[in-house]
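For reference, the chains in residue letters:
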Amino acid sequence: MINSQNIVARSATTLPAPHARDNVVEVAKLIDVSKCIGCKACQVACMEWNDLRDDVGECHGVYDNPMDLTAESWTVMRFNEVETDFVGGDDVSREKELSWLIRKDGCMHCAEPGCLEACPAPGAIVQYANGIVDFDSNNCIGCGYCITGCPFNIPRISEKDSKSYKCTLCSDRVNVGLEPACVKACPTNCIEFGSKKDMLARADKRVNDLKERGYEHAGIYDPAGVGGTHVMYVLHHSDEPGLYSGLAKDPRISPVVGAWKGITKPIMSAILGITAFAGFFHYITKGPKEEPTDEEVFGEGDDHHRVSREEEHRS
Amino acid sequence: MTNHWVDIRNANLILSMGGNSAEAHPVGFRWVTEAIEHNKAKLICIDPRYTRTCAVADYKAFIRTGTDITFLGGLIHYLITTDQVQHEYVLNYTDASLIVHDDYGFEDGIFTGYNPDKHTYDDKSSWMYKLGDDGFALRDESLKDPRCVYQLMREHYSRYDIDTVSSICGMPREHIEHIWAEIGKMAVPHKTMTMLYALGWTQHSIGSQIIRTAAMVQLLLGNMGMPGGGVNALRGHSNIQGLTDLGLLSQLLPGYMTLANAAEQDYPAYIKKRAKQPILEGEVSYWKNYEKFHVSLMKSWFGNAATEENNWCFDWLPKLSRPLYDVLDTFDRMYKGEINGYFCQGFNPLASFPNRQKVTEGLSKLKYLVVMDPLNTETSEFWKNYGEYNDVDSSQIQTEVIRLPTTCFAEDDGSIVNSARWLQWHWAAAPGPGEARPDTRIMGDLFIRIRELYRQEGGVFPDPILNLDWDYNIPEAPSSEELAQEYNGRALVDLTDDNGNVTRKAGELLSSFSEMTADGRTASGCWIFSGAWTQDGNQMARRDNSDPYGTGNTLGWAWAWPANRRVLYNRASADTQGRPWGKEKAFVWWSSEQGRWIGADVPDFPLTSEPSKGVSPFIMQTTGGGNFFAGQSMVDGPFPEHYEPYESPIDNNPLHPNNPLARNNPAGRIFDKDRADLGSREEFPHAATTYRLTEHFHYWTKHARLNAVVQPEQFVEISHQLAEEVGVVAGDWVKVSSNRGFIKAVAVVTKRLQPLRIGDRDVHHVGIPIHWGFTGVAKKGYLANALTPVVGDANTQTPEYKSFIVKVEKA
Amino acid sequence: MTVNVTRRQFFKLGAAGVASSSMAMMGFAPESAEASVRQFKLTHAKETRNNCTYCSVGCGVLIYSHGDGSKNARQEVFHIEGDPDHPVSRGSLCPKGSGLLDFVRSEGRLEYPQVRAPGSSEWKRVSWDEALNKIARYIKDDRDANFVERDEKGGTVNHWTTTGFLAASGSSNEAGYITHKVVRNLGMVAFDNQARV
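If you're matching them up, the sequences are chains B, X and F in order. Last residue of the first sequence? That's 315 in UniProt numbering, and every number before it is there in order. Last residue of the second sequence? That's 811 in UniProt numbering, and every number before it is there in order. Last residue of the third sequence? That's 197 in UniProt numbering, and every number before it is there in order.
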C-alpha cells in the first residue's frame, strides 16, 4: 500500500498534504524513440498487468492499433512515416530517407499535472512524492475535466463505468520496488526506468550517441511548461517533436485550468457543489454545447444517476 | 545459429537480411541494439520492404524478393576483386586451396550431371575434389591453380558485376556500393559481421543456396567461429531446433543421422557411407564415429533385441523407396487419395501449407484425421463451413476427425531447444484445462494400446512394436525425466578404459557422446543431446548466468549441444598459432602452459591438439575446413547460382536469358499438378511475399485476446503507387489473387513499399501477413496460403512462400 | 483521523450538498483514496520458471498461479512476465510473450476429446478411452493392410506410407523423442515437423 504520507497532491482538496516524508527518490521512465521497433510489447504488457482487455477492433490501414488511447489501452504506439535527412554514412546518392518514427504514447506524469489541477473530484487524482500521477477510479465522477486539463490529451473516460483512466506508471509495482510492466517487457531497451536523475544522465548519453551517428537535432523531451515530466523521450529530431505523431512542441496547462488553481476552485466548488462546478467549468472551457449529459458523466441506471439529478435540481 | 543470441552484441556489423529480426525476434534483437550502442556496431537491413528492423537500422535498402544469391554472389565477386579477404583464415581454415575434379563444370546456368527429363542432377560424380593416389584431396596453397576452389569460385561469381546485381535485385548501384564497402571492412581479422536470417532466406526454391552464399561470404571475411560472427538462423518455433535435432523429419533419425534408402540393404555399407573419413590427412572428420551413435540409438529403442547378429535391428527401421516423403510429397499423395490416415500434433497444415485448396481436398480424402492440439485449429475444423472463410459442404466430407486436447508449455515439465542450441528445462505451473493431457502421455498411452492389439491379434511385422524398449515406470505415461535421461544415454555394462579401469558403471548416465561405443555397451536416444542429463543431474535446468570473460557466454545457464559449446567451430576464433585474432575477439585460444585449448567457451576441437599439428577447426567436415565448394552435399550445385522464383515477375533469368532450363532452380521441388497451377506474369504482374508480424505468432495468437487487440484484422501492404493504380486508399478493402485462390484484406498503403526497377520495368511488391484464419478471437480472415504455390526448395523442400505472383484489385 | 465511508455512502453524502462536499475536500475522503489505487497482485502467488513457447529466442518467463501449492488449491495461471535472470531476455518479453496469459487461458483451448463423424457438421464429446481405442484400431488396420515389407526388387523396406504424421515443434524434446520412437517404429516415413516449412 502506498503510504498516504507519500501523496503530495490530491485533486480538489484544500487541506495541505503532509510533506515530512517526501524524501523519496523521484522516478522517471525514459523512452528512447531511436531504439523503438514498435513491437507493442509495452502495450500488451500494460494490458496484461493491469487486467485490461480492450475491444478487438479493426485494421484502419495502418499499423496503429488500437488507433487511440482508450480507458483500456493506457499506452499505444503511434507510427509515422516521414522523410528525414539521410544520416546513414557516405552514400552521396541519398539526401533524404524514409524514417518510420514510432512513439509510445501515454501519460507523461507531469510534475505539474494539469489533470490534477482541473479535477473537481476530491482524491480522484493524486500525485505521489516519487512523481507518479495516479487516478483513483473510486473517486472519479467521470466529468472529463482531466482530459481538458491534460496538455497531452491522455485520460479517457470508460464507456463501461464512466470513469477516467490512464497509465499509473504501474504505481502498484513501483511501490513494491519493481519497474513498470512496460519497462520490463521492452525488448530493445528503448524504455528504461530509474531515478529521474539517472534517467536524465542516461538520456544525455543517448543524445550524444545519436549526435555521433549524425542526428544533429537529437535531444531530450522533458518539457518545462509542465514542470518537467516523469516520462521523458529521447528524440532524434527534438527540434520537430510534431514528427512523432503530433507530440506537443511546448505543452502547457490550459490557462483556464490555471485560473482555477489554488483556493478559487475548492471555494467555488464548495459553493456550487461538485456537479454544478463541473458544469460551469465545462462551460467556460468547452462551451455549453458539449456539456456532458448525465449518462455521459455517470452512466445509466445506478444511484449516481439519481444523485446527480438531485444535485442538478438543487443548483 | 552457429553463434547465439547474446553473442550478437560482439559484432561490429550486423546484416539483417532474409528476415525481419526486430519483427520476428524482438527480444533476440535486444542484442543488436546492444551492439549498436555499446560496440558502435552498424546495422544494415536489406528487405523487399522497409520493416521494423529498418526502423532502427543505420542503412536500409530494398531488394526484389528471391534475388539474394545475386546480391551475395556480387558481394563475393567484390570482396575477391578488391582483395578484402581474411587471407590467413581462407588459406588455412577453408577448402579454397583444394583442387576440384576435372569433370566438374558449369555451363549457361546448369552444372555437370543434369538430367532435364527428371529435373534432377542424377550424376553428381564430378562434384567433388580431385583426390591423389593416397586418397587425400590435392591442393594448391598458392591459390593460383585455375581448378582450385578459390579460382573456380572467383570465376563463377565474375558474372555478378554490380550492374547485373543492380538490375536483378532492383537496388540502385550506390546503395549496393555502400553496403559492400561496409561489409568489406570486416575482412580484417579483428572485426566481425554477424548475419541474421530467417524464413526470408529459407522459403525459396533456392533457399538453401542463399544461406550457403551467406556462409561463403562469412568464410571469406573470416567470420565463422568468431565471437560476433557466424551465420545465424533465427528459428521460428520454440522447439523447432529440438525437433530437428531429434530427427522428426521424413528421412532423419535423431542427431542428424539418416534412414537408409531402399537400395541400402547392407548394414556395413550403410554405416560406411555415413561414417565419413577425412579427405585431408590428420583432420578430425567427427562423423567417422557414426556407428557409435547409431548403435547407441538402436540400443535405446530396442534394448536387448538389438544385437550385433541382427545388425542392431537395422532392418526394423523403415527404408525410403522415394527420395523423400516430405510434406509436399505427402499432401500430393493425399490429394491423389493415396493416404488414409493423418496425424497433426500441434500442427495446423490447412493454414501452414501452400495452396490451401489442395490441402482441403487432400484432407477431405482421408479416412481419418487425428488432431492433438491445445487450440481449436483450422485444420481440426477443415470440414466445417465458416462462410467465405471456409466454404465447404460438411456432408460431402467423409473424413472422421478425432481431436485430442493437449496441455501447453505452462502445464508440462520438459525441455525445449532455442535457436542457439540451448536446451532449457521448464516446469509446469498449473494443470491443463478440462481433460487436456501432455503429448508424452498421449503417445505413451496410444502406443500401449497399439502394442496390446498386436499382442492379442498378431499382425504384419510386429517385431519393432513388440520389442520396442518401454521400461517406463508408468508405461502409459512416461515422465519427461525418464525420456530426457533416455536421450542423454547410459552405460549398459561397465565401461572401461584401455587399462581395464571402470570409467562408467553399468546403469550410469553418460556425460558425453565421447563415451559411446559401437558394440552395444551404451544406449542413447539422441547422441548430440548426450550431456544434457548426467550423473550430476539435469544440466538443462542450470541457472548460473555468470559471464566470467565478459563475452556474453554463460556456460552455466542451461546446456547447449554439442557438449555445451556455445559458438560452433570456435577454434577458428584463434589464428594458426592458436592466438586470438584480436584482443577484443579473444574467445578460445591455446594455452601452452596448460597444454590445451582454453577460454570463454567449451572448445569445439580436440582439447589437447596443439596448433602446430595443423588440425583444422571445422571438425565435422571431411576437409576440416569451411567449404566454399559444397561437393555433393547439395542437390542443386556445388556453388550457389541465382535462379528466378518459380513464379517471377520477370520473364527469364537475366543471367541465362536464353536457357529456359535455367530460369528457375533446375532441381527445385515441384509436382506436375503444381506446375500446372503456376500463374503467368501477364495475369499476375506483382511480386508477392508472405510474412509474420511482431504482434502475432503464426496462427496461435489470434486465439489470444491481448494479441488480437493490438493487431486485430487481416491486411496487406502495398505502395502508394500501386494503391493509386488499383484505386484504393489506406483502409479500403482489396482482393489479392494468385492462380490458386484469393484473399480479401484491408489495404495498408505505405511508403515502406516502393516499386523496384527491374531491367526495363517497375515491379511492385505486395506484402501479405499470414496470421488470420477462421478460428480464434481476432477478426476472421482468409488463410493467406490460399495464394501460395506448391514449390519447394531443392534441398529442404521448404515451400516458396516468399516469392510468387499476384494481382490486386479493389474489393 | 479516518472517516469510514463506502463509495456509495460517499456519493449519498455528496448528494446532501455543500457541507459534505467541503468535508471531503478537506480530507475526509473515502478510505480507498488514501490507499494505493491498486494493490500489488503477486504477493504470495506461486512462481514457476518456464520458457516462452513461441519463437526460438527461448525467453525465460515467470508464471504466477493462484494458490500456494496446497493440495486443496487448484492452480490457475493468472499472470506471466519475464524472468530477469535469463541471460538472453533479461526480463523482457515481446508482444507475443507479454500476452502468453491469454494463450494459456484462451477460449480456444480444447478441453475434451471429440469426434467428428464422416459427413457430420458437428463435434461429439467422447472419453479418452474411446478416442484412443478408435485411433489404435485405425492405426493397426491401416498398417496391417498397407505395410510394405519388401519392395518390388525384393529388398527389405519395412515401411508404411499410407498414414502420415506431423509433429509439433512447439512441444518439448521429451514429447518429440517419444513421438519419434513410436511413429518411426510403426514404420512411418511420411513424418515431418514445422522445420520443413
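Treat the hints with care, since some could be wrong.
[Claimed, not checked] To spell it out: a stretch of chain X is covered by chain F in this simulated footprint if at least three of its residues, at any positions, have a beta carbon under 8 Å from a beta carbon of chain F; those stretches are: (1) 22-34; (2) 65-74; (3) 230-236; (4) 461-473; (5) 503-513; (6) 519-533; (7) 694-707.
[Claimed, not checked] Pulled a few chain F residues facing chain B out of the computed Cβ check, cut under 8 Å: (8) N72; (9) A73; (10) S92; (11) V182.
Hints listed in this document are in silico derivations from the structure and should not be mistaken for laboratory results. Backbone N, C-alpha and C fix where the C-beta goes; we use that ideal spot for every residue, glycine too.
So, going through the hints one by one against the coordinates:
For the region 22-34 of chain X, the assignment as covered by chain F holds, since 7 residues bring a beta-carbon within under 8 Å of that chain's beta-carbons and 3 suffice. Here the region 65-74 of chain X counts 0 residues with a CB under 8 Å from a CB of chain F, which misses the bar of 3, and the coverage is violated. Counting residues of the region 230-236 of chain X whose C-beta lies closer than 8 Å to any C-beta of chain F gives 3; at least three are required, and the coverage claim holds. For the region 461-473 of chain X, the proposed coverage by chain F is satisfied: 4 residues have a C-beta within less than 8 Å of a C-beta in that chain, meeting the threshold of three.
Remark: the region 503-513 of chain X is not confirmed as covered by chain F, as 0 of its residues place a Cβ nearer than 8 Å to a Cβ of that chain, below the required three. Counting residues of the region 519-533 of chain X whose beta carbon lies closer than 8 Å to any beta carbon of chain F gives 3, which meets the minimum of three for the stated coverage. By the rule of at least three residues with a Cβ nearer than 8 Å to a Cβ of chain F, the coverage given for the region 694-707 of chain X holds, with 11 such residues. Checking F:N72 against chain B by beta carbon gives a least distance of about 25 Å; that is not within 8 Å, so the hint is violated.
The interface hint given for F:A73 is broken, as the beta carbon of that residue sits about 21 Å from the closest beta carbon of chain B, more than 8 Å. With its C-beta approaching chain B no nearer than about 5 Å, F:S92 sits inside the 8 Å limit, and its interface hint holds. The closest approach between the C-beta of F:V182 and any C-beta of chain B is roughly 38 Å, which is over the 8 Å cut-off, so the hint fails.
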